[in-house]
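A.B. asks: Sequence:
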Amino acid sequence: DRAMIDFRLFRIPSFATVTFNAFASRMFSFGMLPFIILWLSGQLGLSALEIGYVSSALAVPMVVFSAVGIAVVRWIPVGWVQGIGMVIVAGGLMLGLRIGLDSGWADLIPMFLVMGVGTGLMLPHVMSLAVEVVPAWRTGMASGLANTALPLGTAFGVAVYGAYLSHRVNNGLDGLPIPDQFRDRVSEAAEAGQFRALAEQSAPLAEKARDFFLDGLHGIFVIAAVLALVGALASVVFIRKGRATAPDAGSDAVPASGPGVAAGARSAMAE
Numbered sequence: 001d002r003a004m005i006d007f008r009l010f011r012i013p014s015f016a017t018v019t020f021n022a023f024a025s026r027m028f029s030f031g032m033l034p035f036i037i038l039w040l041s042g043q044l045g046l047s048a049l050e051i052g053y054v055s056s057a058l059a060v061p062m063v064v065f066s067a068v069g070i071a072v073v074r075w076i077p078v079g080w081v082q083g084i085g086m087v088i089v090a091g092g093l094m095l096g097l098r099i100g101l102d103s104g105w106a107d108l109i110p111m112f113l114v115m116g117v118g119t120g121l122m123l124p125h126v127m128s129l130a131v132e133v134v135p136a137w138r139t140g141m142a143s144g145l146a147n148t149a150l151p152l153g154t155a156f157g158v159a160v161y162g163a164y165l166s167h168r169v170n171n172g173l174d175g176l177p178i179p180d181q182f183r184d185r186v187s188e189a190a191e192a193g194q195f196r197a198l199a200e201q202s203a204p205l206a207e208k209a210r211d212f213f214l215d216g217l218h219g220i221f222v223i224a225a226v227l228a229l230v231g232a233l234a235s236v237v238f239i240r241k242g243r244a245t246a247p248d249a250g251s252d253a254v255p256a257s258g259p260g261v262a263a264g265a266r267s268a269m270a271e
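The UniProt record's numbering numbers the first residue of the sequence shown as 1 and each following residue consecutively.
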């Protein structure tokens with residue numbers, strides 16, 4: 001009864017969906033950003049400051065379209081706003097498939113801009129929905145759960161995408177005639193996007209490593225896009241604005257009140 005998390009809240013479809021959206025929003029943004037940074041630094045040789053400038057193409061539309069997302073719920077149901085935003089994000093991720101071996105940083109800008117627009121539309125409603133659709137005495141818990149889903153999405157995204165990218169790179173390298181004593185070193189350099197260091201040893205090997213890395217990056221974009229589309233469908237189907245309760249969700253936490261309770265409390269204190 002005094003548990004930190006009341007899992008019965010997840011019986012409320014709107015709350016479960018918006019918590020998933022919070023988790024997914026970080027998976028398809030910060031969760032995959034480290035691997036884009038590896039490509040920008042390893043493939044293009046950009047400095048940390050230059051990478052920050054490129055990444056602003058994602059951040060700026062997020063800020064601008066957050067205001068739009070807040071305004072449009074006057075005319076469009078919030079579930080549809082969430083769904084539209086995530087569909088736009090999926091479209092932006094698909095633009096990332098245009099990135100090739102000869103691409104520059106400018107080829108990443110369309111993907112970032114479109115993703116920023118979609119994320120800006122859907123993200124402002126995550127916290128407000130989380131507390132609006134649960135019993136009033138569970139709003140603090142709901143807010144905490146939705147907030148926790150954000151860093152969990154980042155951590156889960158980095159772990160899953162990192163494992164996937166490593167698998168794709170190593171699968172590709174396994175088919176190359178690399179001496180066993182150098183294989184681990186080559187694998188680590190390829191996974192970290194250190195293509196210039198590899199090129200100093202073998203230009204053809206560095207070219208292959210870039211190809212395998214980019215193939216893995218494309219796979220990450222596809223996985224994230226599918227996740228965004230799942231969130232979009234769930235948003236349209238399940239999110240309904242307005243306070244609701246799941247069966248017995250947090251009912252044992254309703255604070256007792258009334259004259260009888262007050263009298264009982266005074267009697268207990270007197271004893």
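The hints are simulated quantities; they were obtained by calculation from the structure and are not laboratory data. Backbone N, C-alpha and C fix where the C-beta goes; we use that ideal spot for every residue, glycine too. Among the clues, some could well be false.
Using C-beta positions, here's what the derived DEER-type ranges look like [to be verified]:
#, residue 1, residue 2, range
1, 13, 197, 49 to 55 Å
2, 63, 215, 17 to 23 Å
3, 68, 155, 46 to 52 Å
4, 237, 139, 19 to 25 Å
5, 103, 139, 26 to 32 Å
6, 98, 53, 18 to 24 Å
7, 7, 101, 45 to 51 Å
8, 55, 174, 20 to 26 Å
9, 192, 155, 18 to 24 Å
10, 203, 72, 48 to 54 Å
11, 98, 185, 20 to 26 Å
12, 98, 64, 35 to 41 Å
A.B. asks: Is it true that residue 98 and residue 53 lie within 18 to 24 Å of each other by Cβ?
C.D. replies: Cβ of residue 98 to Cβ of residue 53: about 20 Å, so the range 18 to 24 Å holds.
A.B. asks: Between residue 98 and residue 64, is the Cβ distance one that fits in 35 to 41 Å?
C.D. replies: 24 Å, violated
A.B. asks: I want to verify a distance hint. Is the separation of the beta carbons of residue 98 and residue 185 within 20 to 26 Å?
C.D. replies: Cβ of residue 98 to Cβ of residue 185: about 32 Å, so the range 20 to 26 Å is violated.
A.B. asks: Mind checking the hinted window 46 to 52 Å against the Cβ distance between residue 68 and residue 155?
C.D. replies: 29 Å, violated
A.B. asks: Is 19 to 25 Å respected by the C-beta to C-beta distance linking residue 237 and residue 139?
C.D. replies: 24 Å, holds
A.B. asks: Against the range 45 to 51 Å, how does the distance between the Cβ atoms of residue 7 and residue 101 compare: consistent or not?
C.D. replies: 47 Å, holds
A.B. asks: Indicate whether the distance between the beta carbons of residue 13 and residue 197 respects the range 49 to 55 Å.
C.D. replies: 50 Å, holds
A.B. asks: Using the beta carbons of residue 192 and residue 155, state whether their distance is inside 18 to 24 Å or not.
C.D. replies: About 19 Å separates the Cβ atoms of residue 192 and residue 155, which means 18 to 24 Å holds.
A.B. asks: Given the hint of 26 to 32 Å, is the C-beta distance from residue 103 to residue 139 inside that range or not?
C.D. replies: 46 Å, violated
A.B. asks: At the C-beta level, are residue 203 and residue 72 separated by a distance inside 48 to 54 Å?
C.D. replies: Holds, since residue 203 and residue 72 (Cβ atoms, about 52 Å apart) stay within the stated range.
A.B. asks: Does the Cβ pair residue 63, residue 215 satisfy 17 to 23 Å?
C.D. replies: 33 Å, violated
A.B. asks: Is 20 to 26 Å respected by the C-beta to C-beta distance linking residue 55 and residue 174?
C.D. replies: Since residue 55 and residue 174 have Cβ atoms about 33 Å apart, the given range 20 to 26 Å is violated.
Consistency note: the structure conflicts with the earlier hints numbered 2, 3, 5, 8, 11, 12.
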